[in-house]
Amino acid sequence: MMSADKADSGVSGGERGVLAGRAPSGGDIWSREAFLIFLLLALCYFAFFFHFGTHPLWNGEEAMHATISKEMVLAGDWITPTFNGEKFYDKPALHNWFVSLSFLIFGLTEFAARLPSALLGTGCVLVVYLLGRSMFGPMVGFFSGVILATSAEAIILSRVVIHDIALVFFITLSLFIFYHGFKGGTHRKRYFLLFYASSGFAVLAKGPVGVLLPALIIGLFLIVQKKADLLRELVNLRGIILFLAIAAPWYILISLKNRDYGEYFLIHQNLMNFLSAEARHRSPFYFYFPVLLGGFLPWSFFLPFALIRAYRRTFKERETATVFLVLWFLVIFLFFSAASSKLSSYILPLFPAVSLLVGVFWNDCLKTPEREFRKGFLCSFNSFLGILAAVLIHLGVAPPGDLESKYGVSPARLFSALFLPLPGVAFAFFVFLKR
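Here my numbering is used: the first residue of the sequence shown is 772, the next is one more, and so on.
A few of these clues could be false.
What the hints assert, rightly or not - Cut-off 20 Å, straight-line C-alpha distance, at most; resulting in silico cross-link-like pairs (DMTMM-like, lysine to aspartate or glutamate):
{"no.": "1", "residue 1": "Lys858", "residue 2": "Glu881"}
{"no.": "2", "residue 1": "Lys858", "residue 2": "Asp1031"}
{"no.": "3", "residue 1": "Lys1028", "residue 2": "Asp848"}
{"no.": "4", "residue 1": "Lys960", "residue 2": "Glu1004"}
{"no.": "5", "residue 1": "Lys858", "residue 2": "Asp848"}
{"no.": "6", "residue 1": "Lys858", "residue 2": "Glu1034"}
{"no.": "7", "residue 1": "Lys858", "residue 2": "Glu842"}
{"no.": "8", "residue 1": "Lys954", "residue 2": "Asp1000"}
{"no.": "9", "residue 1": "Lys841", "residue 2": "Glu881"}
{"no.": "10", "residue 1": "Lys960", "residue 2": "Asp1000"}
{"no.": "11", "residue 1": "Lys841", "residue 2": "Glu857"}
{"no.": "12", "residue 1": "Lys1028", "residue 2": "Glu842"}
{"no.": "13", "residue 1": "Lys841", "residue 2": "Asp861"}
{"no.": "14", "residue 1": "Lys1028", "residue 2": "Asp861"}
{"no.": "15", "residue 1": "Lys954", "residue 2": "Glu1004"}
{"no.": "16", "residue 1": "Lys1028", "residue 2": "Glu857"}
None of these hints come from the bench; they were simulated from the model.
This structure is a prediction, so every number in the text was calculated from the model and none was measured.
When you get a sec, could you build the whole thing from the sequences and use the hints?
If you want it as structure tokens, here you go:
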């Protein structure tokens, strides 16, 4: 059976040939893809950058991370982060370095503080485009990039000073590089070395989770695909040395300078927050279900059908790319659901995977006969209403305590924002009914 990658490429190529009246040349394809990338960059500008430097820092946490970077610049100490003169061990220094460099270039402003987050968010969108293009073709990559760039949580976290967006970017980049190497044949070893480099930066962004999550996803993927022999090629001395050369120096320096750092960060901040019943931000195991549905708006109502499609492609057709995306989604969702400490931003690393799954679903819908497409749209519309109602009820009955203090978003504003897409959805609903 023809692989999904080849099948999709053939269809899209045929469609281009029919529309153009001739076989597309290499220049036509590159021009088309450059235009798609331009559209994604324009969308990212409005979603992540537009007016992001015109208002004060939203809350205590955003102000804290900006202050840490400011003190790093003023004190000239790029090893030990401090907040109001006190040592701050909760997060590694990578994102603080990005913000500090931005301060040095653009001055101590809100614009400079938020610029790295917006750039990293844009980077995530572009990597998702490239991964979708590699897996299913350029249109799936484009749809997936649009979906990620317009999802609620991605917009919020790309417009505030927060460490999570750096972790998301480097985990996404690591998994993209690995998958490219997995499919890459002769250049596989080079891609695997780049995977180690990206994983090193992920560990500098948020700690051990930066390499643990990709390792779990990749290990399970190779086992499911019966390619466990590739582990010997992936786990190699050169890669480990490169990983340590990037990730280890800062951890060694801060530990030598501050003897209490290693125990606090590795034991208390990572291990105990995952296992301990007394961890900060404790929440029930189902915490991330409403978080995912709310954070992925307005695309949440397509998610159930994208997951059904993924289930069929994973267990019936064994589609390699879909298996990879499903494992990416499941590993991160279940890992953080099992953890004692829970915050809404923790599951952002799975958003690229669900964006790709929904992007594939959209691409499939656009290729189906009208009756099937109408049926799928009606089901999705009904799901949207149900998910919207569930999110509103959840926020009304048990609103997150940190919604306003952490992100500067009041429940009233959020309710208004959730209702804004309804006129457009209703218009689309009637348009598709009349097709």
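Hint check:
Pair hint Lys858 plus Glu881 does not hold up; C-alpha atoms about 23 Å apart against a cutoff of 20 Å. With a C-alpha separation of about 11 Å, the suggested pairing of Lys858 with Asp1031 holds against the 20 Å cut-off. A C-alpha spacing of about 11 Å is found between Lys1028 and Asp848, which places the hinted pair at or below 20 Å, so the restraint holds. Restraint check for Lys960 and Glu1004: satisfied, since their Cα atoms lie roughly 8 Å apart, inside the 20 Å limit.
A C-alpha spacing of about 11 Å is found between Lys858 and Asp848, which places the hinted pair at or below 20 Å, so the restraint holds. Distance check on the hinted pair: Lys858 and Glu1034 sit about 14 Å apart at the alpha-carbon level, within 20 Å; holds. At most 20 Å may separate the alpha-carbon atoms for a hinted pair to count; Lys858 and Glu842 meet this at roughly 11 Å. Restraint check for Lys954 and Asp1000: the C-alpha separation of about 15 Å stays at or below 20 Å, so the hint holds.
The hinted pair formed by Lys841 and Glu881 meets the criterion: a straight-line CA distance of about 11 Å does not exceed 20 Å. For the proposed pair Lys960 and Asp1000, the alpha carbon gap of about 14 Å is at most 20 Å, so the pair holds. For the proposed pair Lys841 and Glu857, the alpha carbon gap of about 13 Å is at most 20 Å, so the pair holds. Using a Cα cut-off of 20 Å, the hinted pair Lys1028 and Glu842 holds, with the two alpha carbons roughly 18 Å apart.
A distance of roughly 17 Å separates the Cα atoms of Lys841 and Asp861; the hinted pair therefore holds under the 20 Å criterion. A hinted pair counts as satisfied when its Cα atoms are at most 20 Å apart, and Lys1028 with Asp861 qualifies at roughly 16 Å. Under the criterion of a C-alpha separation no larger than 20 Å, the hint pairing Lys954 with Glu1004 is consistent with the structure, at around 14 Å. For the given pair, Lys1028 sits about 14 Å from Glu857 by alpha-carbon distance, which is consistent with the 20 Å threshold.
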